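Residue numbers (this note's numbering), protein chains in the order written: chain L, 2 to 516; chain S, 7 to 562.
Treat the hints as calculated values from the structure; they're not laboratory data.
Heads up, some of the hints might be wrong.
[What the hints assert, rightly or not] Derived DSSO-like pairs: lysine-lysine, alpha-carbon spacing no greater than 30 angstroms straight-line:
1) S:Lys136 - S:Lys71
2) L:Lys326 - L:Lys377
3) S:Lys341 - S:Lys308
4) S:Lys414 - L:Lys507
5) L:Lys476 - L:Lys456
6) S:Lys410 - L:Lys323
7) L:Lys424 - L:Lys409
8) S:Lys308 - S:Lys329
9) S:Lys425 - S:Lys393
10) S:Lys414 - L:Lys386
11) S:Lys425 - L:Lys424
12) S:Lys425 - L:Lys286
13) S:Lys410 - L:Lys456
14) S:Lys387 - S:Lys308
15) S:Lys562 - S:Lys425
16) S:Lys393 - L:Lys507
17) L:Lys417 - S:Lys71
18) L:Lys456 - S:Lys285
19) L:Lys341 - L:Lys386
20) S:Lys136 - L:Lys507
21) S:Lys393 - S:Lys266
22) S:Lys71 - L:Lys323
23) S:Lys414 - L:Lys326
24) S:Lys520 - L:Lys386
25) L:Lys123 - S:Lys393
26) L:Lys323 - S:Lys136
27) L:Lys386 - L:Lys507
28) L:Lys386 - L:Lys424
29) S:Lys410 - S:Lys393
30) L:Lys417 - L:Lys476
31) L:Lys326 - S:Lys240
32) L:Lys409 - S:Lys410
33) S:Lys188 - S:Lys266
34) S:Lys425 - L:Lys323
35) S:Lys387 - S:Lys424
36) L:Lys323 - S:Lys424
37) S:Lys414 - L:Lys286
38) S:Lys520 - S:Lys414
39) L:Lys123 - S:Lys414
Bear in mind that the values here come from a model prediction, so they are computed numbers and not experimental data.
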Amino acid sequence: MIAAILCMAATQSLANVSSIVMPEGGRVMDASTIDVDGDGSSDMLIASVNGTTRTISIHLRRATGAAFTSTADASLDLQQDVVCFAAGDVHADLGREIVLFNANGAFVWRWRESEESRRVAKLAACELLWQWPDRLTAFAWQSAITDVDGDGLDDLTVPEPNRLRVLFQRRGEDGKCSFDVQQVLVPGDSDSGGRALDFDRAAEVRQAGTKRRTRMAVTSGGVQIDGDRDGVGPYLWIQENVPAPQIVDFDGDGDRDVLFLENDALVVFTQSSAGVFANEPLRLKSPVPVTRARELDVSYLAKSLDLDGDQRVDCVFSAGDKRSKDVRTQVLVFLSKFVKTGEAALFGNEGTPSQLLLLDGFARPIGFEDVDGDGKPDFVAGAVKPDLIDGLRAAASERIDAELYVYKNTGVGFSKRPDLVHKISIQAGGLDLVARFLGDVTGDGVADFFERADKSLLKVHMVRRTRDGLTVVEKPIFEWPLEADARLLLPRRLGAGSWDVFAIEKEAVRCASFR
Amino acid sequence: MRQLPLIFVATLIAQSGAAELVVRSSTPEIEHCADWKLAPLDGAPGVELFVVTREGVLETFSFAKRDAGPTRAKTGRIADAAHCALALEVLQTDSKTGLFVASPRGVERLEPDATGSFEGAAVLLAPRAKMTVRTGRPTFAPLAVDVNGDGRTDVIVPKGNALEVWVQNVATGAGSDVEFAKVATVQVRVSSSESTDAGDLSDDLESSLQIPSLHLADVNGDGRDDLLVEDGQKRAFHLVRVDGSIPAVPDVSVDLAIFKDTTARGELTLGRTLAGSDKAVYESRDLDADGIPDAVIAQGRKVWVFHGSKAGPQFTEPSNVLKAADDVTAAMVLKLDDDERPDLLLVRVVVPSLGTILRGLVSSWEIEMNAVGYQNSGERKFDTTPKWKSRITFTVPSILSIAKDPEKLLTRFEGVGKKFRLPAEGDFDGDGAADVALVSEDATTLDVWRGSGAASAVDDDANDQTLRRVLFEDENRAWDLDRLVAWLSSFGEQRVALVTGGREPNARHALRSKTEWRLASLAPGDVDGDGKSEIVLSYEALDGSGRAVFDVVAWK
């Protein structure tokens, strides 16, 4: 008993826990963490609902004592049409403001402003992809704020149907912001319907009295079926999409470019000078074309990032190996620096990867995180191997065994064999699995492992260097009980200014602060 | 016959006589086609082809009786092509068809001129009936409907999670302008979803929005459709009056949440769970053949039957309360025997527990369904003991075997879907009998069967009989994926055989090359006004350019 208490005290000392509890009747719907007040530490934005009132509240992180308190530092009851929000420095006020988006525009909420009439103002018109507001929530969409042209000012990147609208922030000498300079990037033909892959449909018969054919569509979110199939058909059924834009430096010229992955090509809008994108994008034939089979493949994923530190974008694809009799996954690594002079950028003329990794089972990249502390992103993957599943044991325990691999970044790709293998026993049934090497909380230079394999528990395991690579220390150094349906909000990486991990529960947001 | 090589069929058809389908006329290629319809627009006999492009350009094509290119009328244009819903309807009975456009400007109408052109200016009919949804492109919607049966077309526009009903009134002001007055704001279950993951290159940002149509049905047998509102568990009924007025407050409303079976839940097999929810199930159908729908509500193991009358539905005096042996997952009212009265089918689905599903990762697993049928006794009641009973099991392959190649499974069902071919009907040969046209399974030909009286429509009773056979008459109650695919394929073919009488087609038309074009849609219609129906085929270019072309196929 005493040992247990001592153990508990030891593990809990690694992080301080504080809570933001909603007022009576309030329910947390979404949350986001970013430095709002400009003090260098991430604060908390919470979208909540109470009855029919939707509210966004700002909770600033305290430097001493409890990191967060339940009393909001600012809050705004949202208009019915607000769809999503983000934080960005889009006004002369100190720190960041909150940008609200509805179907037709972006608006700033100046949370420091006390005069009601000046609190919310329109920034610009746009056609937000997600036009329909949820009656219960507004979701956080921080990807809408990026400094695209490198001038130090936050720009708006708004996904619209079949296109991305980039609204560049300009500031006058009086500090007044404007978003009049805009550029619209259209990755494909507007009739192509993005990457949502449809069924091979029979021709529609248009005749009064003919029974309506149920409509179906395969999307990345699953299979959608016409929801009014018993009636006369929907009044309107609108499906819109755009490939998720990736804003990265493609060619190493110091400017951020915009990448879209179409079905058969990687479309690259290069920024030739600050705020000016090429009219005609580069279209690089994709070595892993997107087909319906790929969209349904649990292993399929494509990621663009600079793997080798040459400031140019590299690319990793993973996909199930259909030619293999056994279940296995191929990981294809494309490094820009290995493309021969004169050949097509990134994929070369032949689309031959600079490295091919084969993983047994249903595998999928979990992340590209600097695990060993050398500053380069390592490859983290998870795999479920059918031949290792004991059906009876899985049925009895209601758990599935999976393996986690870390392949260290060698500068010319990744290690040929995993430098770390760790078994996870995952609680089945609606778990929001977390398996992240989130950051170094022990100070040994190696990122430690955050694991939520049980619905009701987050564990932090120390990761150590060994002679053969890396190992996860079995005994956790920190355990945090969670509500079974809590969602975890994790920073991109634990480190300076963002040492907090959040658990979003129905009526509260709890914070574990590791510094 | 389907298995015969195409060459034999072509030879047989060639030998059988002069029956032939020819392309009478084709439109030029149209860029960025958004949608199309056939409608009488130029005042002459027959219908015209109306096409609207993504940019809102309105095209009208008229077709002559002889083989000749279409006459292209002057183009019109919609002001806001990305925010508009369209309908081609009359303003009132016996008036000309025109174009209703609902947009943020309100509901406007464009009248076609004598050539069918929509070149003229739009007239704002209902400025306050604003439609603010972004449609992305001009889209047809059921926005112009005679809601109250008074012979005048009313308009319906979405607003938030509701549909506004604007009824056309007799103009009381100066001139003959029509007037629209909002009579109801009907809550509907708008469903929207979004994909917002953006961290990976392979992520797709998606938005889907479905706004259901207004539900209209005659619930009191007066011959006029009434307004049915479904808002979560609540149902409300606005009965349309003789003068066409619609009460703002519903005449009858019910909250299904009040229907609770307070008895203990039925027993379940160990390790299994009941599929379904605690919410009440609502079904409506005429049980006593009085022309007025009755209501059946099931919750838990209890079933309530409410008789509908000329006063409309009522939910206070059940004509029948049943207690089933098992909890009910779904209830249906359908004909399980050969009399005219629909019977009651209660279904209980039992699915394996999480543990069994996990075992099913690597081995097959079963879903079990119990069906019981209660005969309609003819007095707005069902028998208290079930007449039909069955237990059906469905064996599902191991989950990981499906995950290894889901495309394979999907392709199988896609193949099945192609066998369910919808017929286009019309008097194509002008002999006064209805003929049918079907696109072949491989989408290479359009086949036409001349009307002979052998063909029969597939109606609801046929569906009832099919379900009856599967649930209660087929002795093999064990199903798996292979049997399901085979049965669905056979069922699709049977439905086609019902339509065609199992005969060879009388004529066959080769569709455009599948390497360049995809047949997207077709419609029968008398485009040249000669009393015979032609078939308009709409093709989409496969190169993703958005080009479309229309062929008019006619009997020669």
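*Violated hints - listed by number, lowest first*: Numbers 1, 2, 4, 9, 11, 12, 16, 17, 19, 20, 22, 24, 25, 26, 27, 29, 31, 33, 35 and 39 - these are the hints that the structure violates, sorted from lowest upward.
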